[in-house]
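**Student:** So the chains spell out like this:
2 protein chains.
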Amino acid sequence: MAVARQQDVGYDYVSDQAAASQWLSSLTPTPRPPPLTVESINPKVIKCEYAVRGAIAIRAQVLQQQLIADPGSLPFDEVVQCNIGNPQGLNQKPITYFREVVSLCDHPALLGKPQVHELFSADAIRRAHRIIDCLTGRSTGAYSDSQGVKACREDVAAGISARDGFPASPDDIFLTDGASPGVHMVMQLLLRSEKDGILCPIPQYPLYSASIALHGGTLVPYYLDEESQWGLEITELKQQLHTARSAGINVRALVVINPGNPTGQVLSEENQRRVVQFVRDEGLILLADEVYQENIYEAGKKFHSFKKVSRAMGIGEKDLALISYHSISKGYYGECGRRGGYMEVTGFSKEVREQMLKLASVNLCSNVSGQILMSLVMKPPKAGEESYENFVKERDGILSSLARRAKVLTEGMNKLEGVTCNQAEGAMYVFPRLRFPEKVLKVAAVAKVAPDLFYTQRLLEATGIVMVPGSGFRQVPGTWHVRCTILPSEDKLPGVISRLSTFHQKFMDEFRD
Amino acid sequence: MAVARQQDVGYDYVSDQAAASQWLSSLTPTPRPPPLTVESINPKVIKCEYAVRGAIAIRAQVLQQQLIADPGSLPFDEVVQCNIGNPQGLNQKPITYFREVVSLCDHPALLGKPQVHELFSADAIRRAHRIIDCLTGRSTGAYSDSQGVKACREDVAAGISARDGFPASPDDIFLTDGASPGVHMVMQLLLRSEKDGILCPIPQYPLYSASIALHGGTLVPYYLDEESQWGLEITELKQQLHTARSAGINVRALVVINPGNPTGQVLSEENQRRVVQFVRDEGLILLADEVYQENIYEAGKKFHSFKKVSRAMGIGEKDLALISYHSISKGYYGECGRRGGYMEVTGFSKEVREQMLKLASVNLCSNVSGQILMSLVMKPPKAGEESYENFVKERDGILSSLARRAKVLTEGMNKLEGVTCNQAEGAMYVFPRLRFPEKVLKVAAVAKVAPDLFYTQRLLEATGIVMVPGSGFRQVPGTWHVRCTILPSEDKLPGVISRLSTFHQKFMDEFRD
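As given, the protein sequences belong to chains A and B, one line each in that order. Numbered per UniProt numbering, the first sequence finishes at 513, counting up by one with no gaps. Numbered per UniProt numbering, the second sequence finishes at 513, counting up by one with no gaps.
Some hints could be false.
Claimed, not checked - Each computed BS3-like pair below joins lysine-lysine, with the alpha-carbon atoms no more than 25 Å apart:
1. A:Lys44 <-> B:Lys350
2. B:Lys47 <-> A:Lys350
3. A:Lys492 <-> A:Lys407
4. A:Lys393 <-> B:Lys113
5. B:Lys415 <-> B:Lys439
6. B:Lys44 <-> A:Lys195
As the list claims (entries may be wrong) - Computed spacing ranges between beta-carbons, pair by pair:
7. B:Arg512 <-> A:Asp133: 43 to 51 Å
8. A:Arg32 <-> B:Pro494: 53 to 61 Å
9. A:Ile234 <-> B:Lys47: 33 to 41 Å
Stated by the list, open to error - So the derived list for chain B, only partly shown, Cβ under 7 Å to chain A, looks like this:
10. Leu36
11. Val38
12. Asn91
13. Ser103
14. Ser139
15. Asp177
16. Ile249
17. Ala321
18. Glu335
19. Asn363
20. Val368
Since the hints were derived computationally from the structure, they do not count as laboratory data. On a predicted model such as this, the values are computed, not experimentally measured, just so you know. Glycine included, each C-beta is placed from N, C-alpha and C at the ideal position.
Please work from the sequences and hints to get the whole structure.
**Tutor:** Pasting the structure below:
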């Protein structure tokens, strides 16, 4: 064959290898480089990290599949997702009244049936009627205003007014598919280049670092003080701001997460007042992540919105640029999968708000069912209404159980060798500090992973318990933590703590110096 | 007073105005510049435009409020939203089976009640049971996988396979909050700087120009040929690609909208094959916007997915980087407000897909209720199931009515002086060309608005009919169009056409040269 070909094309096969190779390659198509490779992806995307759904979470999914396909093949019977604040994923039940209303709004034909009164509470039926009357085309299937259904924004504003004792306007509310899209929208508005910076707490919920990376800005860290219950020190804010400004960073906003994620701290009103004063003095925007506002467990602690704190200081709308984020994913309702949230936007000019509305309109609107849920969360049943008693029972049952779990888990963590854990005053997490033997640091260095990632990997493989390493949230260099949700149910939590304790002791014994 | 002050500070009041002014301003706090102004917003946001919800739509909202507050104060009784493909906003009814399933998934307690069988069809109950069994925590309130609920992705993939006759995999499906977030995600992946370009049809749905502007890339236009029913010419694609490459633009992808928005054209299979060949020859990614795949009105026209066309050409997964977009917002279902959609992602490396999954995970997941609706759309009731007959009746009733409305509206447009309008073969719009008298161009130039924006403003103020000016979609320079949806109900459409015709004649008479 080779000889025949050689003769066909009329050149010396042996002496002209290059020509032959060229000829042969002309017979088969050149393999074209793929149009998109990791090298040609936007480097901002590559830079972005989101540990809550990172390597550990992906590995946990594989193990979960393996348990289904081949039960008994692993040293545990179930994967326990303590990595993510997903209450209904761990079998928390939704609030009945909320789901009644949503279900009726989704299938309004039910409202015309006589049986509806046997199946739904009277106030849920009334509420559904009222909402449907206010929807474009009387349907959850129509696009709403880009800011959200007016009637839902009115209920949200009424809820904020009732919470704070200061007025709130539906015109200031942007309903969103959870808090995350609202954070992305504001980062998109603020970040023009890596010279624009955002002050973020460390440790932080990695939505912030991810969103800042995606939009090409700079995260300016301020460290919470673990020794003083993750205290937020104004001196630290000032120093970090000064350092960033000296480096030519135009710091545009301060993020405060209260109650804290992953730290669980609840700020005092006095501390908040000083934060407001700092933000005003320095001409910053205050981005207040207040999604855990209903999750307060510690006696004597209370949630105060930054809006209420600033208004009580006599600081009006014109004097503070403030965005408050809330969500239906947390609280006692935990409706993560429904994707609902709001931003309350105060202290911006008409022109800036028009730009925000334009950005919202490019995605048309947030999902109407999530909007309805957000309005229900902010204006739940009132005393005297048919659902009220059951609503209170469900709500308080969940919140008191979460408070007990926060306490039990903190205590469990503090019993582990080399571990100290601040009390979770609020939110849904404990964030204990782990002091590892030197050998762990060496082994992790060889494996090229952070020691706390190494720990959570070993924990997962041994027990099926999924936690997020502290390095995913950033932490004081040289310190190591894990984030663990308080969400396993009360009948399962002792087992989780017991498996964790056994694992931890073995781990420490294995690597003891 | 002035004299007293002058004496106090010891300088000559009249001769030293500058010092006085400085002194006075030191007594009152300097008004601080606001931390965010239009000048300090990310300029990419300022550059982004989205006409579908632009100035006309905002004005329409004001007029609608005015009609409620003060009926009879305007020359019309209602605002007719022909600016946006929002079927249920114009009173199209949702598909019963879809809403039955969603409502049951929202409130699973219903499934345990004996009355459920009187209120819901048996197959909707079965489907709801099956879906709930597959949800994390058996609840729509739990976060799902970031790509979407596996069972929903399986139903979507099965629907694609049945549609195309070629296999589809649930691993290739990303469930999204409508098509828009999926488009943004891919633009974020592809666009590193203004040197990266995306080939887009002109006229185009402004999501593309908006998303490219937001992510800082360059829109490389290719013009559809209005003379040949908005034909997509390969010579035009090649020429524009060549021009862009000569200017140093790295063209990364080709967007094709089929059926066309705003043009209504439906591509022939032969045309699509040549597009696929072009994309392969040039090493581009094909972004196929196929959200109107069920909206085909013209006899003899048929929707073919680009995936099917390429597979039928013998082009396998490895040889074409293709992303197909779909949505629950269009078709016969029109579930816009529910925000559901998918991307089918084929022909990318494992590493690139991991980056996509990471981006999806930063927003946790799309709303589960929208995911369920997307799976129902792709796998609706089958012959023999209880709901089937009613489902077919509802579906075909809507689609045949849309076909009639497309015809009536096209005819109505073509009767207007100076107007030519291609037949809407598919999608939900007509996009007639308007030839204005010179005087219109002059008056519009004085008012500093595009002539077609001027026309739609006048139309809105006179009739309450809301259309989007062609300039919002881009068009051949010097040509003017409007986009009008075919969605007003059949009993209202003749009135809309009649009011439009009367207005149009008066407008032409007023500005006749």
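**Student:** Taking 25 Å as the top limit, are the C-alpha atoms of A:Lys492 and A:Lys407 close enough?
**Tutor:** Holds: A:Lys492 and A:Lys407 sit about 15 Å apart, inside 25 Å.
**Student:** What's the verdict on B:Lys415 and B:Lys439, does the C-alpha distance respect the 25 Å limit or exceed it?
**Tutor:** Distance of about 22 Å is within 25 Å: holds.
**Student:** Hint says 43 to 51 Å; check whether the CB-CB distance for B:Arg512 and A:Asp133 agrees.
**Tutor:** holds, 46 Å
**Student:** Are A:Lys44 and B:Lys350 close enough, with their CA atoms no more than 25 Å apart?
**Tutor:** Satisfied, since the Cα-Cα distance of roughly 19 Å is no more than 25 Å.
**Student:** Verify the interface restraint on B:Val368: the C-beta must sit less than 7 Å from at least one C-beta of chain A.
**Tutor:** holds, 4 Å
**Student:** Could you check if B:Ser139 really has its C-beta closer than 7 Å to a C-beta on chain A?
**Tutor:** holds, 4 Å
**Student:** Quick check on the hint: B:Asn363 CB to chain A CB, less than 7 Å?
**Tutor:** Check passed: Cβ of B:Asn363 comes within 5 Å of chain A, closer than 7 Å.
**Student:** Would you check whether B:Ile249 satisfies its interface hint, that is, whether its CB is within less than 7 Å of any CB in chain A?
**Tutor:** violated, 14 Å
**Student:** Just to be careful, I want the Cα atoms of B:Lys47 and A:Lys350 compared with a cutoff of 25 Å; is the pair within it?
**Tutor:** holds, 18 Å
**Student:** Identify whether the interface hint at B:Asp177 stands, where standing means a beta carbon of chain A within less than 7 Å of its own.
**Tutor:** holds, 6 Å
**Student:** Double-check B:Ser103 for me: the hint is only fine if its C-beta lies closer than 7 Å to a C-beta in chain A.
**Tutor:** Holds. Min distance 4 Å.
**Student:** Can we keep the B:Glu335 interface hint, with Cβ of chain A closer than 7 Å?
**Tutor:** holds, 5 Å
When the structure is compared with the earlier hints, a violation turns up for hint 16 alone.
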